[in-house]
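If you read the sequences in order, they're chains A and B.
With positions in the first sequence counted from 1, the corresponding number in our numbering is that position plus 787.
With positions in the second sequence counted from 1, the corresponding number in our numbering is that position plus 787.
It is worth saying that the hints were derived from the structure and are not from the lab.
On a predicted model such as this, the values are computed, not experimentally measured, just so you know.
One should not assume that every hint holds.
Which copy is meant is left open, so a pair is good if it fits within one copy or across any two.
In silico DSBU-like links for lysine-lysine, alpha-carbon gap of 30 Å or less [as the list claims (entries may be wrong)]:
#1 955 x 994
#2 980 x 863
#3 1018 x 994
#4 820 x 980
#5 1018 x 863
#6 994 x 863
#7 1018 x 820
#8 1018 x 980
#9 955 x 863
2 protein chains.
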Amino acid sequence: MGENIGMVARAMANFSLADLRLVAPRDGWPNEKARATASRADHVIDAARVFDTVEAAIADLRFVYATTARPREGYKPVRGPDEACATLRARSAAGQPTGILFGRERFGLSNEEVGLADEIVTFPVDPTFASLNIAQAVLLMSYEWTRAGRDADAGPRFSAPEAPPAPKDDLHRFFTHLESTLDEASYFHPPEKRDVLVANLRTMLTKAGFTEPEVRTLRGVLKALDYRMAKETR
Amino acid sequence: MGENIGMVARAMANFSLADLRLVAPRDGWPNEKARATASRADHVIDAARVFDTVEAAIADLRFVYATTARPREGYKPVRGPDEACATLRARSAAGQPTGILFGRERFGLSNEEVGLADEIVTFPVDPTFASLNIAQAVLLMSYEWTRAGRDADAGPRFSAPEAPPAPKDDLHRFFTHLESTLDEASYFHPPEKRDVLVANLRTMLTKAGFTEPEVRTLRGVLKALDYRMAKETR
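With these hints in hand, go ahead and build the complete structure from the sequences.
Below is the structure:
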């Protein structure tokens, strides 16, 4: 809804954040209701970029959090907003473009979308009354981002990992390549389990935080396998 | 406005707060719009008490913060939300009833009202874009109250589902399997570089910290590839 986007822009602007990316907004874009609700946060609305898919929206990023209402156990590391923002600040200071995924107003992020993120951030809300809307979730993360910046200024508490993860775009191309190689090898059976198997593989291989050279190495491995399989078929 | 009161109740309920005190609400009380906007926070709405004056509303409290959009200099001590909530937690733990004053949606608290508080709390918002509504201010303070409680407990913070990595033995068997599959696919060339390539692969796949089920999945992938290559050779 345009109103939600406007409220999100306004929450961001309060804490000096301005890089808003929208994935397939329901009511199209630009949206006059978004602008009206944004109050004076026109600069955020004007600079917002629209993407067809979550993959495209995060393609240039190297570390991404997914926000979820409840921890989804045994899935990916789950952090609080403060830990997450400390990590984002440290990676950002190390020159790594980072981002936070927020889900739809009514049903959040799908498992596939969460699967694209490196870690999960969840809010310490009362489990018997969890009712944050998207603009409130954005507000809390924006506030923590500012707070983490102040803490970081106070001294280098967190050190960023040395080798930066590959851009998501590279990683996604590797996934697509892997899945096509595995299709060729008839790995996915029965076919109706393909989605689940793909999601599992993507999750575990995202967790690994592979660097650009590492993703290149993996692509090389796949090429050798592809070549071997093609040769046998000819 | 009833809607603002409802959103405030909802923000509080997310963080298990329930003692809402209203001073001379514009549209009277009870208010159906407040209840509708509160979502499921009926218990906060039902327990809300109405007072004619701020003095009466805080009469039984022993320490009160006033929230203001901008620090009013030279006036009273000005704290950030984190400092303020640490203070409120400490006083509360010492048995002192405490409270936080929030102003009207459009023009906040009057100087007289701020004068009734012990200290001021203000939000670290961008000075060029300060536009928090009352429910957002309540949300941030409620969040900090929860956060300060957790810090005070100094117990386990957000616990991540840290699934233990697979036993090294499993991992090494996977390595051996992978390398034999890659030998079969003629990946290692020239042969004198095999040791270096093997070491690189082992390093990056060790770094990933795969769990036992993940290693099993990877073994399944290799089996599918082996089978596919063997079939072609037969």
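Each hint, compared with the structure:
In the homo-oligomer, the alpha carbons of residue 955 and residue 994 lie at most 30 Å apart both inside one protomer (12 Å) and across protomers (18 Å), since each shortest distance falls under that limit. With identical chains, the CA atoms of residue 980 and residue 863 are at most 30 Å apart within one copy only, with a shortest distance of 21 Å there and 35 Å across copies. In this homomeric assembly, residue 1018 and residue 994 never come within 30 Å of each other (Cα to Cα): the closest approach is 33 Å inside a single copy and 33 Å across copies. Proximity of residue 820 and residue 980 under a CA criterion of 30 Å is satisfied in neither setting, with 42 Å inside one chain copy and 48 Å between copies.
When the C-alpha separation of residue 1018 and residue 863 is checked against a cutoff of 30 Å, the pair qualifies neither within a copy, at 38 Å, nor between copies, at 37 Å. For a Cα distance limit of 30 Å, the shortest separation of residue 994 from residue 863 qualifies both inside one copy, at 7 Å, and across copies, at 16 Å. Neither within a single protomer nor between protomers do residue 1018 and residue 820 lie at most 30 Å apart by alpha-carbon distance, with minima of 58 Å and 60 Å respectively. Taking the shortest Cα distances, residue 1018 and residue 980 sit within 30 Å of each other both inside one copy (28 Å) and across copies (23 Å).
Within a single copy, residue 955 and residue 863 get their C-alpha atoms as close as 17 Å, and across copies as close as 21 Å, so both meet the 30 Å cut-off.
Checked against the numbered hints given earlier, the structure breaks hints 3, 4, 5, 7 and satisfies all the rest.
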